[in-house]
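Asker: Protein chains in written order, with this note's numbering: chain H, 146 to 428; chain G, 101 to 274.
I should point out that these hints are in silico values taken from the structure, not numbers from a laboratory.
Everything numeric in this text was worked out from a predicted model, so none of it was measured.
Treat the hints with care, since some could be wrong.
Below 30 Å or equal to it, Euclidean Cα-Cα: the simulated DSSO-like pairs (lysine-lysine) are [claimed, not checked]:
#1 Lys241/G - Lys202/H
#2 Lys241/G - Lys206/H
#3 Lys202/H - Lys259/H
#4 Lys241/G - Lys173/G
#5 Lys206/H - Lys264/G
#6 Lys173/G - Lys202/H
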Amino acid sequence: MRRFLLLLALACAASEWLAGASLRVPDRVQAGQELSIPTSGSGEATLYLFGPSHAAKRTVKLGTPVTLAGDELLSAGRYVVVLNGESSTFFVTAGPVSTVAFIARPSRVPASTKDVVSGTVFLFDRNQNLVLSPQPVSFSLAVPGAPDVQHQQTSKDGVAWARLDSSRRAGAAQFVASSGAASVRRVVQEVAGEPCNIRMHAERAKGGAIALQTDPIRDCAGNPVPDGTIVTFTSVDESGRSTVDARIKRGFAQAELPASRRATVSVASGIVSGNEIRWGGGQ
Amino acid sequence: MRARIQVRHLLFGLLAALLAAPLLLSAAETGFAVILDTSQSQPRQVEETTMASVERDYGHAWHAMAAAIEENKIGLLGSDFVGLAREQLSQAIAEQGKSGLKRRYIDHGHQVRVVFYSSDGSAMELHDTVRLEIQLLDGDKVVHREQGTFHFLALMTPAENSWKVRLLESVSGF
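Construct all of the structure, not just a fragment, from the sequences and the given hints.
Answerer: So this is what it looks like as C-alpha cells:
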C-alpha cells in the first residue's frame with residue numbers, strides 16, 4: 146500500500162512537471178502589447194512564431210520567460226507559437242477605435258427625401274485592425290439653418306451603417322460619422338428636388354412672337370430649383386407644335402415661341418407640368 | 101480478341117482523360133471550393149452575378165494565398181489581395197523567406213456567409229468557416245501541424261472586373 150501511494154505521488158509530480166513544460170499563453174492579447182511566456186527546463190531551444198503578418202524563428206534560453214515584443218503582435222488574428230516541440234495558439238485582438246473609414250453616398254441628393262443618404266463606417270484601431278467588438282457609432286447630417294438629422298448605431302463585426310433623410314433645406318450638408326474620439330466628415334450637396342408647381346405668364350413680343358416667363362421655380366420645400374434645370378415650353382396651334390427648351394437662370398425660365406393667332410401654350414420640367422395658357426382667344 | 105478489348109479500354113481511358121482535363125483545369129483556375137450563403141446579407145441583397153463573382157474570386161484568392169505562403173513568393177498573390185490584406189501577407193512571406201520558414205494550407209472547402217453588403221455595392225463582409233490542414237515548416241521539417249475548422253473574416257471590394265480581398269483575419273468564431 147505504501148509503495149502504491151509513493152508511485153501515485155511520483156506520477157502526480159511527473160504530470161505536474163510535464164504540464165509545466167507545455168506552453169502557457171493567454172487566449173487573447175491586445176494588438177501591440179508585449180507577451181511573456183514562461184518556460185521550464187534548461188539549455189536552449191528554437192522558438193517559432195507564426196502570425197498574420199509575421200513569422201520568426203529564434204533561439205531562446207529555457208527556464209526563463211520568453212518575451213514576444215509588442216511589434217511582433219501588431220496584426221489582429223491567430224498566432225501559433227512553437228517551442229521545443231510544444232505549440233500553442235492565441236488570438237491578437239484590435240485595440241480601441243482610432244480611425245473611422247467612412248463611405249458616404251451619394252455626394253448629391255435632392256432635399257427633403259426619405260432614406261436617400263447612406264453612410265457606412267469601418268472601425269479600425271491604430272494598427273489598422275478592424276475593431277470587431279460592438280462600438281457605439283453616431284451619424285449626423287446637418288445643413289445650416291435646418292435641424293440636424295441624427296442616427297445612433299452599434300457596430301457589428303467592425304461595420305456600422307445608416308440611411309438618413311435629407312434635410313428640408315438645400316445646401317452643403319456636413320455628414321459626420323464618429324465613434325469614440327474618432328470622427329470623419331463628408332460633404333453631401335443637398336439640392337432642391339423637382340419643381341413643386343410652375344406658373345408662367347405670356348406677352349406679345351416684337352414681331353408677334355409669344356414671350357413666356359415663369360415665376361420663380363421652387364421645390365415643395367421652398368428651395369429654388371437649381372439654375373440650368375431644363376424647362377420646356379410648348380405651343381400647339383393649327384399649323385402644328387412648337388417646342389423650346391430653356392434653362393432656369395437666376396430662378397426663372399424664359400423663352401419665345403413663334404407668332405400665332407390662336408394657340409395653347411404649356412410648360413413642364415421633368416415630370417412636373419405647369420399652367421396652360423390659351424393665347425389669342427383670351428387667357 | 102483480348103487485345104481488341106484492351107485497345108477499347110485504352111481508348112475509353114483516353115476519352116475520359118480528355119473530358120476530365122478541362123474540369124481539372126478550371127478547378128485549378130477558379131481556386132478552392134467556396135459555398136456562398138447570401139441569405140443574411142444586409143443592408144443590400146446580393147445579386148446573382150455578384151454572388152458568382154465573389155465565390156470565384158474568394159476561392160481564387162485563397163488558392164493564390166496558399167501557393168504564395170508555401171513557396172514564399174509574393175508575386176503568387178497576384179491581384180487577388182489589395183490594401184491591408186496584401187501588406188500583411190507580403191510582410192509574412194518576406195519574413196518567412198528570411199528565416200527559412202513556410203506555411204502549408206491544405207484546403208478542404210469554405211462555407212461563406214455574406215453578413216454585410218453596402219447599399220452602394222462598394223464593400224462586402226464575409227464570415228468564412230473553412231476546413232483546413234495547416235502545416236508550419238522550418239525548411240522541409242514540419243514543426244507544427246493541425247487540422248480542423250477555422251474561422252476567417254474577410255472584407256472584399258469590387259475592382260474593374262473582379263472582387264479583391266482587402267482584409268482577411270482569422271478569428272476565434274462568429
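Asker: Hint by hint, which ones does this structure get wrong, listed from lowest number up?
Answerer: Failing hints, ascending: 3, 5.
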